[in-house]
Structure formats: C-alpha cells, structure tokens
Amino acid sequence: AATRDHDNLHKQERLVTIFFALGLVIAAVQLFLEPNGYMLLVIELAPVLAALLHAYVEKNALSAHTKQYERMAGLFHRAMVHMRELLASGAHKEAQEFIQEIGKEALIENGDWILTHRERPLEMPKGG
Numbered sequence: 010a011a012t013r014d015h016d017n018l019h020k021q022e023r024l025v026t027i028f029f030a031l032g033l034v035i036a037a038v039q040l041f042l043e044p045n046g047y048m049l050l051v052i053e054l055a056p057v058l059a060a061l062l063h064a065y066v067e068k069n070a071l072s073a074h075t076k077q078y079e080r081m082a083g084l085f086h087r088a089m090v091h092m093r094e095l096l097a098s099g100a101h102k103e104a105q106e107f108i109q110e111i112g113k114e115a116l117i118e119n120g121d122w123i124l125t126h127r128e129r130p131l132e133m134p135k136g137g
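Numbering (the working numbering), first residue to last: 10 to 137.
Derived from the structure by calculation, the hints contain no laboratory data.
A hint or two may mislead.
To be verified - Derived pair list, reagent style DSS-like, types lysine-lysine, alpha-carbon separation capped at 25 Å: (1) K76 - K113; (2) K68 - K20; (3) K20 - K76.
Model the full structure from these sequences, guided by the hints.
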C-alpha cells in the first residue's frame, strides 16, 4: 500500500504541475499569436484541472498515507526481526506478548487512518 500510494501521489503531483504549466505556456504563446478559442479554452481549463487534482490529493490524504505506511512498514519489519529472535531463543511467552503489542499498534494505525479521513470529509462546494 505504501508503494501504491507513493506512486499515486507522485503521479497526481506531476499531473497538477503539467496542467498548471500547460496553462501558463499556452497563455504565453497566446500573447504572440492570433486569439484562438481553443487556446483560450486550454488557458482556462488547465489551471482548473490542476486545482481539482490538487484538491483530490488533499481530500484523499495521499501524502499522509504514504508517510504513515512507510512508518508502519519500518515498524513491522523491525517487529518481524524481533519475533524471529524471540522464537529462535524459545521465548514463546514473550513472543505472545509481543504479538499483542504489535496488534495494538496495528489497531492504532487503523484508528489514525479513520481520523485522517474524518478530518477531510467530502463536501459539496457551497456558494457564499
């Protein structure tokens, strides 16, 4: 999931940059050419698409997800190494307690995901 969200985040950020830059470049080109309806349409729509994509990235908390998934991947990797050490040494009681602690961390992470999305509810835009 970390790789998926990381790739999706960078793809969306690239698209935002491309649409915004496209609007600026076409606007600069328009200064030297005859007015063209299609160019004006691109000049107007490109920044709007960039803003919509940026809002999508923010509402879906892709940046927060990427950071959280990377942190949890590191935690679970270290937990796996520690669990192997516990089992290799025959410390089965400690291994069971450790599994409970890791389970609690997983539940906390799920709770954080829910809180992140409650902070960013989807809403219909309202006029002033």
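How the hints compare with the structure:
| no. | hint | verdict |
| --- | --- | --- |
| 1 | K76 - K113 | 19 Å, holds |
| 2 | K68 - K20 | 16 Å, holds |
| 3 | K20 - K76 | 16 Å, holds |
Of the numbered hints listed earlier, not one is contradicted by the structure.
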